[in-house]
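Undergrad: Just so you know, the sequences run in chain order A and B. Take the first sequence: its position 25, counting from 1, is numbered 24 in numbering that gives the first Met the number 0, and each next residue is one higher. Take the second sequence: its position 54, counting from 1, is numbered 53 in numbering that gives the first Met the number 0, and each next residue is one higher.
There's no promise every hint is true.
Identical chains share a label here; the pair holds if one copy fits it or two copies do between them.
Stated by the list, open to error - Here are the simulated lysine-lysine pairs, DSSO-like style, with alpha carbons at most 27 Å apart:
no.	residue 1	residue 2
1	Lys-9	Lys-54
2	Lys-30	Lys-55
3	Lys-33	Lys-54
4	Lys-1	Lys-55
5	Lys-54	Lys-30
6	Lys-49	Lys-30
7	Lys-9	Lys-30
These are calculated hints, taken from the structure and not from any lab test.
Protein chains: 2
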Amino acid sequence: MKARVYVTPKDGILDPQGKAVEHALTVLGFKQVKGVRVGRILEVVMDPEKGDTSKKTLNEMCEKLLANTIIESYRCELDPED
Amino acid sequence: MKARVYVTPKDGILDPQGKAVEHALTVLGFKQVKGVRVGRILEVVMDPEKGDTSKKTLNEMCEKLLANTIIESYRCELDPED
Numbered sequence: 000m001k002a003r004v005y006v007t008p009k010d011g012i013l014d015p016q017g018k019a020v021e022h023a024l025t026v027l028g029f030k031q032v033k034g035v036r037v038g039r040i041l042e043v044v045m046d047p048e049k050g051d052t053s054k055k056t057l058n059e060m061c062e063k064l065l066a067n068t069i070i071e072s073y074r075c076e077l078d079p080e081d
Numbered sequence: 000m001k002a003r004v005y006v007t008p009k010d011g012i013l014d015p016q017g018k019a020v021e022h023a024l025t026v027l028g029f030k031q032v033k034g035v036r037v038g039r040i041l042e043v044v045m046d047p048e049k050g051d052t053s054k055k056t057l058n059e060m061c062e063k064l065l066a067n068t069i070i071e072s073y074r075c076e077l078d079p080e081d
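Extracted from the complex, chain A is given alone in its bound form (with noise of 0.2 Å):
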């Protein structure tokens, strides 16, 4: 079973990757970009015999490891087919 796990900066939290990202796209000539924010994505496989794998636990690892829930916001899917 995999998950998906999508952690972002939350609003308002300075982001300088990705205000070097922002710069370095429009010196590339891309004019159009107006701002950018770099966040992660974590595919966790999971082995559902060794241990639950809901969301539930999903959250918890988020809370304990995967996301920084003072300046990162999270989001988890899960995928039962993978």
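Position chain B against the provided structure of chain A, taking the given hints into account.
TA: Then chain B, alone, in the frame of chain A:
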């Protein structure tokens, strides 16, 4: 107009960051975790009045800057309502 670009390491490409997260999760007691791959999300805000905001242009940004197409694959999504 907002676009989202998902960049993930290609299959078979070593992902030390993912391995580190996987190890940390098992240490925290999540024994069901079999594998983790870490990628990036880029949220790109574009101004349609200043240039093209089509998927083609977005793919061009990916090829030129946002993804390293030798080791990473990418997927673009346009969200015209944002």
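Undergrad: Each hint: holds or not?
TA: A quick look at each hint next to the structure:
1. Lys-9 with Lys-54: both (21 Å within a copy, 26 Å between copies)
2. Lys-30 with Lys-55: between (42 Å within a copy, 15 Å between copies)
3. Lys-33 with Lys-54: between (35 Å within a copy, 16 Å between copies)
4. Lys-1 with Lys-55: within (15 Å within a copy, 30 Å between copies)
5. Lys-54 with Lys-30: between (40 Å within a copy, 16 Å between copies)
6. Lys-49 with Lys-30: For Lys-49 and Lys-30, only the inter-copy Cα distance (6 Å) is at most 27 Å; the intra-copy one is 50 Å.
7. Lys-9 with Lys-30: Only inside one copy: Lys-9 and Lys-30 sit 25 Å apart there, 30 Å across copies, limit 27 Å.
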